[in-house]
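> If you want the building blocks of each chain, they are given just below.
There are 2 protein chains.
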Amino acid sequence: MRALVFSGAQRVDAIDPADRGLAYGDGVFETMRAHRGDVPWWPVHWQRLLRGAHVLGLPVPDESRARDQALQLLDGSDGVLKLLLTRGAGGRGYAPPVDTKPTWIFSHHPLPAATPADGLAVRWCGTSLSIQPALAGLKHCNRLEQVLARGEWSDTSIHEGLMCSTEGDVVCATAANLFVLHDGRWLTPPVDRCGVAGVCRAWARDALGASEARLAVIDVEAADAVFLCNAVRGILPVARLGARSWRPHPQVAQLQRRLAAEHPAFATEVA
Amino acid sequence: MRALVFSGAQRVDAIDPADRGLAYGDGVFETMRAHRGDVPWWPVHWQRLLRGAHVLGLPVPDESRARDQALQLLDGSDGVLKLLLTRGAGGRGYAPPVDTKPTWIFSHHPLPAATPADGLAVRWCGTSLSIQPALAGLKHCNRLEQVLARGEWSDTSIHEGLMCSTEGDVVCATAANLFVLHDGRWLTPPVDRCGVAGVCRAWARDALGASEARLAVIDVEAADAVFLCNAVRGILPVARLGARSWRPHPQVAQLQRRLAAEHPAFATEVA
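Those protein sequences? They're chains U and V, same order as listed. Under our numbering, think of the first position of the first sequence as 1, with each following residue one higher. Under our numbering, think of the first position of the second sequence as 1, with each following residue one higher.
Note that these hints are calculated values from the structure, not bench results. Mixed in with the good hints there might be a few duds.
Okay, derived cross-link-like pairs now, DSS-like style, lysine-lysine, Cα gap no bigger than 30 Å in a straight line [unchecked claim]: (1) LYS139/U x LYS101/U; (2) LYS139/U x LYS139/V; (3) LYS82/U x LYS139/U; (4) LYS139/V x LYS101/V; (5) LYS101/U x LYS82/U; (6) LYS139/V x LYS101/U; (7) LYS82/U x LYS101/V; (8) LYS82/U x LYS139/V; (9) LYS139/U x LYS101/V.
Can you make the complete structure from the sequences, with help from the hints?
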C-alpha cells in the first residue's frame, strides 16, 4: 500500500497519535475504483464525502488539490484508491474541537481478487446492524459491526455475508449493497436507518428504476435474482445463499454490460 | 499531550496510515485517573480492556510491560492516562487480518477543569444511542454518537449531556454513567444493549447496592438525587437539568467521601 498523508493543506510524514480518527472513528472514507490513472466516479464520491463531512461537522480539504494528489498517487495505474478524512488531531474528550485541520490520507491498493463470473456464494451474518438515523447512509469510520460480521467466516469459498438490522430487516452485505428481483421489480433496502448509501447502489437504482423496500430474509431467499454492488467491484450476481441457488439472470448480465459502457474500469470484466 | 506509541512489543515513532483504528475505529480504550505516578484502578481498567479485546478478537500487549510503560510516562505525576489499543495495521477491507501486531498508545493529559462542588448543570441530548448488544458495555472506539451528542452544545455553563437510546430509555451521559435515587433505592441503567460498563459505575453500584433498571426521562426528572460518574472525575452530583434542580444530597456526599477513602486521587476533591 502506498499512502499520502495530509494535515490541512500540508503534506505530513506522520499521523498525530491524538488524531480523532484513531480515538473515535471520527471521520469518513471513500473507496474508489481507479482506471488508467483516473477515477471515473470521483464527482459522486466527493459529493458523498461532503455530505458525511457536513453531518459530522468535519473540515474538508480543497477538492481540486485533493484530486491532484489522487491522480499523482495513481500515476496512470488501475486499482483501488481510498480517501480517509478525519477531524484531525484533538485533545482528550468527545467535544469536537473547533478550527482543527482535517487529516486526509490517500492510499492506493491492488484490485481485489476476481470472483466467479457466474456469481458469488454468500451467507447470512449473525452480527446485526444497529438503527441510527443520525449516521445512516454515511460512509463514516465507525465500522466495528462490519468488522465483526466479516470476521464470522474464514472459508474462502464464501465471498460475502448479508446483514440484517437489529429489527430483522435485511440491509446489505458487509461491503456491498443488495438488490433483489421480485415479480419483475427490482428492490433495494432503504439506508435511512442503517447501511451505507453506496455510489454503485445509486447508479444501479437509477439504471434499473429500482424501488426502496424493507426486505425480510424470506424476500431475499424467494427472489428471482439477487446481486450485490459496490464502487470497487461493480455489479456482482449472487449464485448461492446457503441451500438456495440462482442461475445467471439476463437482467443482471445486461446491467453489467451497461455499467461497462458507462465506467471503463468495468469494461474488461464483462465476458 | 505526551504519547508513547507501540506496535506489538516495539516502541515506534509513527502510526501506520493503514492502522485499523484509523480506518474503522477497530479498537478499545481506557481513560484512567493517575495519582502520584500510579494508576490506582489499573487492574479493573485492564480487565475491561481484556474483555473488549476478547469480544473484538484484538491482540493484547503484555500487561506488565504495558504497566511499566504507563508508569514511565507518568513519571510520578497526576493527571489522566489514556490507553488506546487497536488491531494494528491491515490491508483494505473489513476482514480482520490474523497475526497482526496490536497498536497501543499511552498518552498523558492534564486533569479536566474542576466542576462546581454543588453539582453539574446537565441537559438532554438530541442524539440517541443505537441498540447493539454485540458491542454494548465495551469501551470501543466507535464513538461518533458521543461526538455528535457532545457537539450539540458549546455553552460552557452546561457540563454534561444525558443520552437516551433510540428506544427512548435513558442510558448515560456523553462521558459518564448515571445513577438516580428513587424511594430510597439507587438505580442505574443497564448497559447490555448500549452504553459503556464504566469502571466507576461498577464501584458505585457495589458501594451503594444499586440496582440496574430501565429509566425513562421522567424517572430522572422525578428522582430525589442524581449523580454522574466516571473513572477520571469520580462521583459528580447533578444540580440542574433544564428547569429541574436538586440540592446536594447527603448520600451523594457520603459516596464521594467513601471514594476518596478508597482511591487517593479523589481525596483532595472532597471538602
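> Now, for every hint given, state plainly whether the structure supports it.
Evaluation of the provided hints:
| no. | hint | result |
| --- | --- | --- |
| 1 | LYS139/U x LYS101/U | holds (20 Å) |
| 2 | LYS139/U x LYS139/V | holds (22 Å) |
| 3 | LYS82/U x LYS139/U | holds (12 Å) |
| 4 | LYS139/V x LYS101/V | holds (20 Å) |
| 5 | LYS101/U x LYS82/U | holds (19 Å) |
| 6 | LYS139/V x LYS101/U | holds (26 Å) |
| 7 | LYS82/U x LYS101/V | holds (23 Å) |
| 8 | LYS82/U x LYS139/V | holds (27 Å) |
| 9 | LYS139/U x LYS101/V | holds (26 Å) |
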